[in-house]
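Participant: Position chain F with the ligands relative to chain X; hints supplied.
Sequence lines, in order, name chains X and F. With our numbering, you'll find the first sequence wraps up at 463, consecutive numbering, no jumps. With our numbering, you'll find the second sequence wraps up at 133, consecutive numbering, no jumps.
Don't read these hints as lab results, they were simulated from the structure. Any given hint could be a false lead.
Coverage of chain F stretches by chain X, computed from C-beta distances (three or more under 8 Å per stretch; other residues unrestricted) [as the list claims (entries may be wrong)]: (1) 74–84; (2) 98–105; (3) 126–132.
By construction, the Cβ of each residue, glycine as well, lies at the ideal position given by its N, Cα and C atoms.
Each chain is listed here by its residues.
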Amino acid sequence: MIEEKFDAIVVGAGMAGNAAALTMAEGGMKVLQLERGEYSGSKNVQGAILYADMLEKLVPDFREDAPLERHLVEQRFWMMDDRAHTGLHYRSEDFNEEKPNRYTIIRAQFDKWFSQKVREAGATVLCETTVTDLARDSHGKVIGVRTDRRDGEIHADIVVLAEGVNGMLGTRAGLRERPQPEKVALAVKEMHFLPREIIEARFNLKGDEGVVIEAVGTISRGMTGMGFIYANKECISLGIGCLVADFQRTGETPYGLLDRFKRHPSVAPLIEGSEVKEYSAHLIPEGGFKAIPELYGKGWVVIGDAAQLNNTIHREGSNLAMTSGRIAAEAILQIKSRNQPMTPQNLALYKKMLDESFVIKDLRKYKDMPALMHTRSQNFFLTYPQLVSKAMQNFLRVDGTPKIEKEKLTLRSFTKARSRRGLFGDAFRLVRAWR
Amino acid sequence: MSIELSMRVEDKLFNNRYLVDTGRPHIKVRPHPKPSPQLLSMLKVCPARCYELNEQGQVEATVDGCIECGTCRVICEESGDIEWSYPRGGYGVLFKFG
Ligand SMILES: Cc1cc2nc3c(=O)[nH]c(=O)nc-3n(C[C@H](O)[C@H](O)[C@H](O)COP(=O)(O)OP(=O)(O)OC[C@H]3O[C@@H](n4cnc5c(N)ncnc54)[C@H](O)[C@@H]3O)c2cc1C
Ligand code: SF4
Chain X
29 MIEEKFDAIV VGAGMAGNAA ALTMAEGGMK VLQLERGEYS GSKNVQGAIL
79 YADMLEKLVP DFREDAPLER HLVEQRFWMM DDRAHTGLHY RSEDFNEEKP
129 NRYTIIRAQF DKWFSQKVRE AGATVLCETT VTDLARDSHG KVIGVRTDRR
179 DGEIHADIVV LAEGVNGMLG TRAGLRERPQ PEKVALAVKE MHFLPREIIE
229 ARFNLKGDEG VVIEAVGTIS RGMTGMGFIY ANKECISLGI GCLVADFQRT
279 GETPYGLLDR FKRHPSVAPL IEGSEVKEYS AHLIPEGGFK AIPELYGKGW
329 VVIGDAAQLN NTIHREGSNL AMTSGRIAAE AILQIKSRNQ PMTPQNLALY
379 KKMLDESFVI KDLRKYKDMP ALMHTRSQNF FLTYPQLVSK AMQNFLRVDG
429 TPKIEKEKLT LRSFTKARSR RGLFGDAFRL VRAWR
Chain F
36 MSIELSMRVE DKLFNNRYLV DTGRPHIKVR PHPKPSPQLL SMLKVCPARC
86 YELNEQGQVE ATVDGCIECG TCRVICEESG DIEWSYPRGG YGVLFKFG
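Extracted from the complex, chain X is given alone in its bound form (with noise of 0.2 Å):
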């Protein structure tokens, strides 16, 4: 039993761990995290994109010592059917700028980089340690965790929680409600290693450029769901993910998905001749603004994916996890310098500033997405997808047949399969919820 008492303890060590930690111990405070996994990072998964901005304000200087792998110069959408992709794609010379905004990383080893700044700052880390339980007083306030390490308590006046998006501490206390499936994505991914040349001329780029490519339509069978494929410096992280709930609703195997996915013509020429390494799987938070629970409590706060934190309509969640870190420590910081204790009162400053930044105002925005999109997953993953592919092929080919009439069979197809309320309906509701 670890005899002594801390200011902070904090669950986790993903991004929104990793970042409050380290604002933690940089403001002075005595913190202790703990991290199931045998490194921090171990256990982590993601695509990935790191968006510098949000870190910068952590490590201002990560540039220098961060396992980046290209910084990102284009962007590409498709819109898949079974045979074919329509796509979309910006590349930008000025993304080949002195400090980068965006690049691909390897979650392990960023988070491993991560773990060592916050080790740095005089964090205590912990790692192989699961806790299994809060620590509660008679009143119910949160006063410390128990692990799995050794019997009895670890104190601290403030617990936070980063445990991620399957979090089972806040769901056993009942400060939240357990993941639902209609609610959380479920993604697979491999890590195809290919020499560094191959990569660099398959996605066309010199140097660190990178590329991402974000592909829906036919390749999630209906589901609301996305595949993605982005080049690192020696490999391609390639995956795709949909909700639980229409897994379960469909019976679709998610590994048969991504075989799909890596066989359809558009995407196996990129990953040609290349050695996986690594299969792995996680949850992605898709509840959106409505999903978020209860942010802080007595004596605790919950950031990250844990509070799903998460914004995928612009696939973004370590920037939203690492800024609810950094925002929950300064809102901690700002209580103990005040020497008042860790109320809920006090602590409805953490909400009263996640408020005011850009995480809750993007997430407020897209507030009707995650309905709309799974109530209408067939229109706008199957239907449409495949519709645009006929109309582009029908554009293309060329066969003596008059352009007028090929519009009107274009159109024709598409109220045939939508009809004209439909798809104004559709496009109204998109708007809509874009707003």
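Facilitator: Chain F with the ligands only, in chain X's frame:
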């Protein structure tokens, strides 16, 4: 083409690193005469194919290859079909890349 072969999950898991906590599975299926729809769905949804049907028609879990995604917890914990927890600290899957 070896479509079936390329879909073998066992081969995929073979690349991963694990430290198996022998004799202490972190997920347990509650004994049942007939599996619930939730349990049955796990035969397909588990990305590591940890759930299988035995000869008596019951669902069994062998969690040595579990990649700790938590999907079975999301689907089956509420109904009491399974008892789910994380492996002991340091055990289970160890991602090198993640
Ligand atoms: C396939 C995929 C692709 C993604 N792509 C992107 C992307 O490109 N860009 C982006 O910004 N975001 C992306 N995300 C989202 C991003 O990964 C998450 O939002 C982010 O990791 C959340 O950070 P977190 O610290 O809240 O949780 P996590 O990073 O999951 O960390 C939680 C930590 O807590 C530990 N833990 C849990 N329970 C316990 C316990 N009881 N005791 C001890 N330790 C415990 C875990 O081991 C883990 O280290 C992606 C996610 C997935 C799954
Ligand atoms: S946690 Fe995920 S990988 Fe492990 S048994 Fe459950 S569904 Fe399968």
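Participant: Against each hint, give a clear statement of whether it holds in the structure.
Facilitator: A quick look at each hint next to the structure:
1. With 6 residues carrying a beta carbon less than 8 Å from a beta carbon of chain X, the segment 74–84 of chain F meets the three-residue requirement, and the given coverage holds.
2. Three residues within the 8 Å Cβ limit are the bar, and the segment 98–105 of chain F against chain X gives 4, so the coverage statement holds.
3. Residues of the segment 126–132 of chain F lying with their CB closer than 8 Å to a CB of chain X number 6, which satisfies the three-residue condition for coverage.
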